[in-house]
Amino acid sequence: MEVPEQEKLVNTLKEKYEDEILHIETPYNFLTIVLRKEKIIEIIKFLYDHPDTKFQYLTSLAAVHYPDLKQIVVVYQLHNLVNNHRVRLKISLSEENAVTQTLTPVFAAANWMERETYDFYGVIFEGHPNLQRILNVEEMTIFPMRKEYPLEDQTREDKNDSMFGRNLEQNAK
Amino acid sequence: MEAVSNTKSVITVGDKPEGYEGAGFLATSLEKVVGLARKNSIWPLPFATSCCGIEFMATMGAHYDLGRFGSERLSFSPRQADLLMVMGTIAKKMGPILRQVYEQMAEPRWVLSVGACACSGGIFDTYSVLQGIDRIIPVDVYVPGCPPRPEQIIDGVMKIQHLVETESLRRRDSEEYKVMLNKYGIE
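Protein chains in written order, with my numbering: chain A, 1 to 173; chain B, 1 to 187.
Treat the hints with caution; some may be incorrect.
To be verified - Pair ranges (Cβ atoms, derived):
#, chain 1, residue 1, chain 2, residue 2, range
1, B, 76, A, 135, 21 to 31 Å
2, B, 51, A, 45, 35 to 45 Å
3, B, 123, A, 96, 27 to 37 Å
4, B, 33, A, 150, 30 to 40 Å
5, A, 161, B, 185, 28 to 38 Å
6, A, 161, B, 106, 20 to 30 Å
7, A, 137, B, 26, 51 to 61 Å
8, A, 96, B, 163, 48 to 58 Å
Unchecked claim - Far from chain A, by Cβ distances over 10 Å, these chain B residues were calculated:
#, residue
9, 20
10, 43
11, 80
12, 100
13, 107
14, 119
15, 129
16, 131
17, 145
18, 162
19, 166
20, 167
Unchecked claim - Quick list of in silico lysine-lysine cross-link-like pairs, BS3-like style, CA-CA up to 30 Å:
#, chain 1, residue 1, chain 2, residue 2
21, B, 16, A, 147
22, A, 70, A, 8
23, A, 159, B, 159
24, B, 32, A, 159
25, B, 178, B, 32
26, A, 90, A, 70
27, B, 178, B, 39
28, B, 39, A, 159
29, A, 70, A, 54
30, A, 16, A, 54
31, A, 14, A, 90
32, A, 39, A, 70
33, B, 93, A, 147
34, B, 16, A, 159
35, A, 37, A, 90
36, B, 92, B, 32
No wet-lab data here; the hints were simulated from the structure.
Quick caveat, the model's predicted, so the values are computed rather than measured.
All residues carry an ideal CB built from backbone N, CA and C; glycine is no exception.
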């Protein structure tokens with residue numbers, strides 16, 4: 001999206017939702033808007049319907065875990081197929097209480113994307129028709145993509161940590 | 001005029017089992033005959049999950065041709081298969097399904113684990129990948145590789161053939177075998 005069109009989009013958003021915008025940045029020329037979490041569904045529906053923006057394709061819905069900030073950020077990437085514009089919306093939720101509204105009334109694709117976000121980060125989407133684990137085993141009790149959980153399978157006995165560049169004494173500190 | 005050929009035709013015939021031979025007959029032990037018949041008609045069940053499955057497709061193709069070894073007829077029904085070939089990454093979610101397929105196979109059955117992921121989890125040492133199918137089912141031959149070339153898969157099948165040929169007819173009823181199955185929790 002060219003800079004004038006980015007500014008046009010931001011202005012359209014500011015007409016109604018100026019208070020909700022926390023931060024705007026453009027990493028690699030990709031317009032990224034950080035918003036408050038309360039009215040995010042309304043804002044996305046507004047961007048869906050508004051004739052100047054028409055973001056009617058949900059490219060992805062994912063989460064990022066920032067343990068230092070104790071936040072889980074949910075990232076929505078929208079795409080305007082007519083004019084080929086893309087925008088990224090981010091909302092931040094607290095680690096202990098990662099709850100937000102579901103996007104399924106606006107986009108049907110959000111159904112499985114939210115299930116995946118729940119499965120890996122533990123983000124609860126209120127109003128979701130079927131919020132269950134989708135990729136992991138149903139009996140799993142942890143949310144594996146959170147940073148506190150290790151990647152490796154913990155039941156292996158034969159891996160020698162020093163050969164993989166990990167020093168147990170250092171890790172235990 | 002003699003036909004001239006540059007290629008040496010070396011045709012090898014498989015070894016004859018030991019026995020008493022006469023004019024037009026060979027008397028040998030039942031075990032040897034059954035072993036010979038079984039080893040040359042192993043019907044595999046290709047449990048192909050990932051990239052190793054593609055190498056298996058190449059092995060079944062005309063160039064490498066597993067059909068030469070008697071495995072012409074693949075079966076996706078466990079009841080009608082002899083050899084369970086597990087090819088590819090098995091996730092922990094897939095584990096119970098693989099186990100069910102193995103349990104449904106009729107004796108005598110053999111398991112060939114193809115590729116690093118099936119043998120030990122491969123490069124995927126993660127929370128979601130089963131670190132080797134021998135955590136849930138007994139395995140007879142492991143074929144390492146990522147992925148193993150068709151020649152290596154054929155080598156694995158030939159080793160299975162050797163196991164099939166030399167297996168005792170009473171092995172599946174023996175105490176030792178039952179104890180081994182119980183270790184996996186299979187009755």
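Evaluation of the provided hints:
1. 76(B) - 135(A): 21 to 31 Å: 25 Å, holds
2. 51(B) - 45(A): 35 to 45 Å: Taking Cβ atoms as reference, residue 51(B) and residue 45(A) lie about 43 Å apart, which means the hint holds.
3. 123(B) - 96(A): 27 to 37 Å: 35 Å, holds
4. 33(B) - 150(A): 30 to 40 Å: At 54 Å between Cβs, range violated.
5. 161(A) - 185(B): 28 to 38 Å: Holds, at about 31 Å.
6. 161(A) - 106(B): 20 to 30 Å: 44 Å, violated
7. 137(A) - 26(B): 51 to 61 Å: 55 Å, holds
8. 96(A) - 163(B): 48 to 58 Å: 56 Å, holds
9. 20: At about 51 Å from chain A, residue 20(B) clears the 10 Å cut-off, so the statement holds.
10. 43: Per Cβ check, residue 43(B) is outside 10 Å of chain A; nearest 32 Å; holds.
11. 80: 30 Å, holds
12. 100: 15 Å, holds
13. 107: Given a closest Cβ separation of 30 Å, the condition holds.
14. 119: Residue 119(B) clear of chain A: closest Cβ-Cβ about 13 Å, beyond 10 Å.
15. 129: 7 Å, violated
16. 131: Label violated. Min Cβ-Cβ 5 Å, cutoff 10 Å.
17. 145: Non-interface label stands for residue 145(B): nearest chain A Cβ at 19 Å, farther than 10 Å.
18. 162: 28 Å, holds
19. 166: Since the minimum Cβ distance to chain A is about 30 Å, residue 166(B) lies beyond 10 Å and the statement holds.
20. 167: 30 Å, holds
21. 16(B) - 147(A): Between residue 16(B) and residue 147(A) the Cα gap is close to 63 Å, so the pair fails against 30 Å, i.e. violated.
22. 70(A) - 8(A): Measuring from Cα to Cα gives roughly 34 Å; hence the hint is violated.
23. 159(A) - 159(B): At roughly 29 Å apart (the allowed maximum being 30 Å), residue 159(B) and residue 159(A) satisfy the hint.
24. 32(B) - 159(A): 43 Å, violated
25. 178(B) - 32(B): 24 Å, holds
26. 90(A) - 70(A): The hint holds at about 15 Å.
27. 178(B) - 39(B): Between residue 178(B) and residue 39(B) the Cα gap is close to 23 Å, so the pair holds against 30 Å.
28. 39(B) - 159(A): 37 Å, violated
29. 70(A) - 54(A): Given that 30 Å is the threshold and the Cα spacing comes to 34 Å, the pair is violated.
30. 16(A) - 54(A): 16 Å, holds
31. 14(A) - 90(A): At roughly 16 Å apart (the allowed maximum being 30 Å), residue 90(A) and residue 14(A) satisfy the hint.
32. 39(A) - 70(A): 22 Å, holds
33. 93(B) - 147(A): 22 Å, holds
34. 16(B) - 159(A): 46 Å, violated
35. 37(A) - 90(A): 8 Å, holds
36. 92(B) - 32(B): 40 Å, violated
When each numbered hint is compared with the structure, violations occur for hints 4, 6, 15, 16, 21, 22, 24, 28, 29, 34, 36.
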